[in-house]
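**Student:** Since the structure of chain A is already known, use the hints to place chain B on it.
The listed protein sequences correspond, in order, to chains A and B.
At position 39 of the first sequence (counting the first as 1) the number is 38 in numbering that gives the first Met the number 0, and the numbers step up by one without a gap.
At position 34 of the second sequence (counting the first as 1) the number is 33 in numbering that gives the first Met the number 0, and the numbers step up by one without a gap.
FYI, nobody ran anything at the bench for these hints, they're computed from the structure.
It cannot be assumed that every hint is accurate.
Here are the simulated DSSO-like pairs of lysine-lysine, each with C-alpha atoms no more than 27 Å apart in a straight line [unchecked claim]:
no. : chain 1 : residue 1 : chain 2 : residue 2
1   : B       : K257      : A       : K28
2   : B       : K81       : B       : K379
3   : B       : K278      : B       : K39
4   : B       : K405      : B       : K138
5   : B       : K397      : B       : K381
6   : A       : K3        : B       : K334
7   : B       : K405      : B       : K379
8   : B       : K379      : B       : K347
9   : B       : K367      : B       : K347
10  : A       : K3        : B       : K39
11  : B       : K367      : B       : K334
12  : B       : K400      : A       : K28
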Amino acid sequence: MFEKSDLDSLFGDLEGSHGSTTDYDRLLKQAHLAIALSDAGRPLDGQFDTLVIDLVERHCPG
Amino acid sequence: MPKKVHHVVRRTGTSLEAPIIEIPVAEDIAGIPGIPQIEKDVNFYSREYPLETQNIEKAADREWSWSVYTPEVFEYRELHEKANAPFVQAAAVTGEIEPTVDPVDRDITEDVRRKAYELGFGDVGFTRYDRRYTFASKKQWAKFTGAICVALEQDYAQTQSLPSLEAEFAHFGTYETENKQCLALADFVRSLGYHAQVHSPNDNSSPFIPMFVEAGMGQLGANGQLLSPAFGSRARLAIITTDGPLTYDQPVDYGVQKFCQGCLVCADRCPARAITRDKVWYRGVEKNKLIYDRCRPIMSTYEGCGVCMKACPIQRYGMQPVMEHYVETGEVLGKGTDNLEGYSIREKGYFGPGELPSFDRSMFDFPKGTKDEWLFAEFKDKIDGDGPTAEETSAFLKELKGILAKGTTTVGDE
Numbered sequence: 000m001f002e003k004s005d006l007d008s009l010f011g012d013l014e015g016s017h018g019s020t021t022d023y024d025r026l027l028k029q030a031h032l033a034i035a036l037s038d039a040g041r042p043l044d045g046q047f048d049t050l051v052i053d054l055v056e057r058h059c060p061g
Numbered sequence: 000m001p002k003k004v005h006h007v008v009r010r011t012g013t014s015l016e017a018p019i020i021e022i023p024v025a026e027d028i029a030g031i032p033g034i035p036q037i038e039k040d041v042n043f044y045s046r047e048y049p050l051e052t053q054n055i056e057k058a059a060d061r062e063w064s065w066s067v068y069t070p071e072v073f074e075y076r077e078l079h080e081k082a083n084a085p086f087v088q089a090a091a092v093t094g095e096i097e098p099t100v101d102p103v104d105r106d107i108t109e110d111v112r113r114k115a116y117e118l119g120f121g122d123v124g125f126t127r128y129d130r131r132y133t134f135a136s137k138k139q140w141a142k143f144t145g146a147i148c149v150a151l152e153q154d155y156a157q158t159q160s161l162p163s164l165e166a167e168f169a170h171f172g173t174y175e176t177e178n179k180q181c182l183a184l185a186d187f188v189r190s191l192g193y194h195a196q197v198h199s200p201n202d203n204s205s206p207f208i209p210m211f212v213e214a215g216m217g218q219l220g221a222n223g224q225l226l227s228p229a230f231g232s233r234a235r236l237a238i239i240t241t242d243g244p245l246t247y248d249q250p251v252d253y254g255v256q257k258f259c260q261g262c263l264v265c266a267d268r269c270p271a272r273a274i275t276r277d278k279v280w281y282r283g284v285e286k287n288k289l290i291y292d293r294c295r296p297i298m299s300t301y302e303g304c305g306v307c308m309k310a311c312p313i314q315r316y317g318m319q320p321v322m323e324h325y326v327e328t329g330e331v332l333g334k335g336t337d338n339l340e341g342y343s344i345r346e347k348g349y350f351g352p353g354e355l356p357s358f359d360r361s362m363f364d365f366p367k368g369t370k371d372e373w374l375f376a377e378f379k380d381k382i383d384g385d386g387p388t389a390e391e392t393s394a395f396l397k398e399l400k401g402i403l404a405k406g407t408t409t410v411g412d413e
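So here's chain A without its partners, still in its complex pose (with noise of 0.2 Å):
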């Protein structure tokens, strides 16, 4: 499961990549729902930009 630190580095390897884009609220929207779905045990499918899909497996603890 995502812990503070977890969510930290990565929501600052988005803002950092994409935070002056336009696309960084729809970006930002799919990582948290991507994290909750993986938090949850869920496999991420075709919904998710595979900037986010990258992002989440490149932080997920364990």
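**Tutor:** Just chain B now, with coordinates in the frame of chain A:
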């Protein structure tokens, strides 16, 4: 094993071009459209004990709240008040403005809907303006029977930073935009030949949520906010009333009433412990009642707080994925996780699931009631003690005179 779906709600997204949102409502959380209420009780309370705006009934703490803002919030609030005031003042007289042309003499619902989305509103619905909820001070002011309910989504990223100055920018900035958009929509209604009165979100004529629920735009969440299909509680609401012909929408069952009772993350995470876990019947309506005197000081002191908005899964993830997840698993998406439940409070630190900040008892000792009621309460304490001095009595009378001379205002922002 997936749950059986009782019904699927289909709603327009945040624009006319956006895909339709399909929300499956599981059988075990299906309820009634709108909100459980006892009509005769709503009627009784409305008649015998009409509601009044908090800007009058709670004027003492409205004034006090400025004394506990951080310097940054104080400065921003002053700027916001200055920027917003002309639009609130303009809205107050819109009911007196005559239409610019003869009536088009047809149903204007779809014209108004299209224009509302074009102006940037994220949802719009139509219902009868329910005078049972009109504030006592607004009963003579409110005109027209048709209510155009408009919702403006506030920034997602800023909202997730609650409680923070950043989130206050979203909160108050959305109001500034919404007031302008409402004035523009009212102009449009007048251009169709009908009257239009803007009920500003900063000078409410009534609580707006009952009418939004009646218009099928969402249901009342345990956090006391409208949970809408497109953006959960991340919206600011306003109403425009008109005498133009409208087709009213119907209330909808999104499954929120029972879903919230199985979730209650807002109640569990509220730093002030201000949300009742059990529903109560209040003025003829069944709801989780917010305890104002617990909420207010935390909200004022900590940048608007808003943890109940931030920690709502329907706000955070959207109603569709949350309800789909519930159907699939029987669980509340995000419940028990740091991602949904974690928050930081200035000078208190970070609080993960199961952790809550504590506050001194003195935090909840703040001015109550109207300004003159609070002044009398303080003066009574002096009488009960050693008795007021001549100077204190003189100061009391001077302050009372000032309050009476200044009068009341229905304008406010929270």
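**Student:** None of the hints should be skipped; say for each whether it holds.
**Tutor:** A quick look at each hint next to the structure:
| no. | hint | result |
| --- | --- | --- |
| 1 | K257(B) - K28(A) | 25 Å, holds |
| 2 | K81(B) - K379(B) | 36 Å, violated |
| 3 | K278(B) - K39(B) | 19 Å, holds |
| 4 | K405(B) - K138(B) | 21 Å, holds |
| 5 | K397(B) - K381(B) | 16 Å, holds |
| 6 | K3(A) - K334(B) | 15 Å, holds |
| 7 | K405(B) - K379(B) | 23 Å, holds |
| 8 | K379(B) - K347(B) | 35 Å, violated |
| 9 | K367(B) - K347(B) | 26 Å, holds |
| 10 | K3(A) - K39(B) | 49 Å, violated |
| 11 | K367(B) - K334(B) | 35 Å, violated |
| 12 | K400(B) - K28(A) | 53 Å, violated |
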